[in-house]
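Enquirer: My numbering puts the first residue of the sequence shown at 657, with every later residue one more than the last.
Because the hints were derived from the structure by calculation, they are not lab data.
You may find that some hints are simply not true.
Said to hold, decoys possible - Computed cross-link-like contacts, BS3-like style, restricted to lysine-lysine with a CA-CA straight-line distance of at most 25 Å:
no.: 1; residue 1: 762; residue 2: 723
no.: 2; residue 1: 794; residue 2: 706
no.: 3; residue 1: 807; residue 2: 707
no.: 4; residue 1: 723; residue 2: 802
no.: 5; residue 1: 723; residue 2: 807
no.: 6; residue 1: 724; residue 2: 677
no.: 7; residue 1: 677; residue 2: 787
no.: 8; residue 1: 706; residue 2: 802
no.: 9; residue 1: 762; residue 2: 724
no.: 10; residue 1: 677; residue 2: 807
no.: 11; residue 1: 802; residue 2: 677
no.: 12; residue 1: 802; residue 2: 787
no.: 13; residue 1: 706; residue 2: 762
no.: 14; residue 1: 677; residue 2: 723
no.: 15; residue 1: 802; residue 2: 707
no.: 16; residue 1: 723; residue 2: 707
no.: 17; residue 1: 762; residue 2: 794
no.: 18; residue 1: 707; residue 2: 762
no.: 19; residue 1: 802; residue 2: 724
no.: 20; residue 1: 807; residue 2: 762
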Amino acid sequence: MSKLTHFNDEGHARMVDVSYKQVTTREAIAGATVLMNAPTFSHVMRGEMKKGDVLAVAQVAGIMAAKKTSDVIPMCHPIVITGVDISYVCDEMRNAIDITATVRCKGETGVEMEALTAASVTALTIYDMCKAAQKDIKITDIRLLKKTGGKSGDWVAE
C-alpha cells in the first residue's frame, strides 16, 4: 500500500487499468439486515403491504442495482456479470430480514462492489415499500461476507 492506485502522477483521480490482469471466475457475497417491528414484519410476510410483494420487488431491485453499480460508484469498472442471486432469511424472533446477495463474473476485476450494492439496494427497497407502515425501520450490517477469485485470492468474513 505504498502507492495510492486511484490517483495519477498529477494527483488526480483515475480509474485503475485492469487490462493486464488475468481473466478469472470471480464471486462475491454480501449481506445486509433489515429490522422492523412485529406488525410490519407480519404484513411483509403475509404480502399485505400496500405497495405489493415487498420481497419480490426488493429482489428485482437488488439484481438491477448489481448491474448498475459502475453508474453510481465512480471508480468501479463496468463489468459483464454472469449471475446475480438475492436470497432472504426471514427471522420472526428478531423481526428481521437477512439479505444475501451473490454476484458472479468472469473478468479482470472483482464483483465485491456489485454484491454490496445489490444487498444495500435490496434493503433500501424493503424500507421504501414499508415506510408508510413504519418510519424507524433499521438497515444494519451491510458487509462483504465472502469473495473468491482474482490475484488476492479467496476471503471469508470471520
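Enquirer: With reference to the structure, classify each hint as holding or not holding.
Expert: Against the structure, the hints come out as follows:
| no. | hint | in the structure |
| --- | --- | --- |
| 1 | 762 / 723 | holds, 14 Å |
| 2 | 794 / 706 | holds, 20 Å |
| 3 | 807 / 707 | violated, 44 Å |
| 4 | 723 / 802 | holds, 19 Å |
| 5 | 723 / 807 | holds, 23 Å |
| 6 | 724 / 677 | holds, 23 Å |
| 7 | 677 / 787 | violated, 44 Å |
| 8 | 706 / 802 | violated, 35 Å |
| 9 | 762 / 724 | holds, 17 Å |
| 10 | 677 / 807 | holds, 8 Å |
| 11 | 802 / 677 | holds, 21 Å |
| 12 | 802 / 787 | violated, 30 Å |
| 13 | 706 / 762 | violated, 40 Å |
| 14 | 677 / 723 | holds, 22 Å |
| 15 | 802 / 707 | violated, 33 Å |
| 16 | 723 / 707 | holds, 24 Å |
| 17 | 762 / 794 | violated, 34 Å |
| 18 | 707 / 762 | violated, 36 Å |
| 19 | 802 / 724 | holds, 21 Å |
| 20 | 807 / 762 | holds, 13 Å |
Hint compliance for this structure: hints 3, 7, 8, 12, 13, 15, 17, 18 are broken, all remaining hints hold.
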